[in-house]
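> So the chains spell out like this:
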Amino acid sequence: AAGVIQSPRHLIKEKRETATLKCYPIPRHDTVYWYQQGPGQDPQFLISFYEKMQSDKGSIPDRFSAQQFSDYHSELNMSSLELGDSALYFCASSRTRGRGYTFGSGTRLTVV
Amino acid sequence: GIQVEQSPPDLILQEGANSTLRCNFSDSVNNLQWFHQNPWGQLINLFYIPSGTKQNGRLSATTVATERYSLLYISSSQTTDSGVYFCAVESTGGFKTIFGAGTRLFVKA
Chain A
198 AAGVIQSPRH
208 LIKEKRETAT
218 LKCYPIPRHD
228 TVYWYQQGPG
238 QDPQFLISFY
248 EKMQSDKGSI
258 PDRFSAQQFS
268 DYHSELNMSS
278 LELGDSALYF
288 CASSRTRGRG
298 YTFGSGTRLT
308 VV
Chain B
1356 GIQVEQSPPD
1366 LILQEGANST
1376 LRCNFSDSVN
1386 NLQWFHQNPW
1396 GQLINLFYIP
1406 SGTKQNGRLS
1416 ATTVATERYS
1426 LLYISSSQTT
1436 DSGVYFCAVE
1446 STGGFKTIFG
1456 AGTRLFVKA
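So the sequence lines, in the order shown, correspond to chains A and B. For the first sequence, the working numbering assigns the number 198 to the initial residue and increments by one for each residue that follows. For the second sequence, the working numbering assigns the number 1356 to the initial residue and increments by one for each residue that follows.
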């Protein structure tokens, strides 16, 4: 069965650089969620999209932005990267709000 | 916002033992999920269980929504069960799921 695809798997960036993370949800899933997980922490909700519209927002810095495209894939854009942005970034998708989530394998971002 | 508390924070088991993990939440929820994060960081959805009881092999879960708690039962634990178990809830009126701090489980051979 198709899963949630995230790319890249690993990313190393320098401070003040920009990074773009991509997420391809499971086909026919209409909701996409982005989470950030720091070392030893629980995943923190960043932002979600339902039918290509932003549906909810969490603790996402102003330096970050995200969107969902017509083919339902989503991108998380991160600018002016800081050391503290180093984390595992997960994307999840679900079919119809309130159903179970399927997570991608995550993108491990390291800012040096 | 909604608060999610998990207990115990850490658990060490001998292979073959049984365990119960608890999740308490502070408000009404649309849904509740249990996830397992393996040592490689992968998050696996174990149960979508806003209420009632479900079983999947050696794992089962029960959510009592009216009393705002959920339990995850692991029977005959195996070393591959090691990792972090997260409870995550979606509060009513939102599109975000909030995670608890997790229970870190280590199963010894």
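These aren't lab readings, by the way, just hints derived from the structure by calculation. Misleading hints may appear alongside valid ones.
[Stated by the list, open to error] Straight-line C-alpha distance at most 25 Å; calculated DSS-like pairs for lysine-lysine:
| hint | chain 1 | residue 1 | chain 2 | residue 2 |
| --- | --- | --- | --- | --- |
| 1 | A | Lys210 | A | Lys249 |
| 2 | B | Lys1451 | B | Lys1409 |
| 3 | A | Lys249 | A | Lys219 |
| 4 | A | Lys219 | B | Lys1451 |
| 5 | B | Lys1451 | A | Lys254 |
| 6 | A | Lys249 | B | Lys1451 |
> The structure should be examined with respect to each hint, and the outcome stated for every one.
Going through the hints against the structure:
no. : hint                  : result
1   : A/Lys210 x A/Lys249   : violated (28 Å)
2   : B/Lys1451 x B/Lys1409 : holds (23 Å)
3   : A/Lys249 x A/Lys219   : holds (15 Å)
4   : A/Lys219 x B/Lys1451  : holds (19 Å)
5   : B/Lys1451 x A/Lys254  : holds (8 Å)
6   : A/Lys249 x B/Lys1451  : holds (15 Å)
The structure is inconsistent with hint 1 alone, although it conforms to all the rest.
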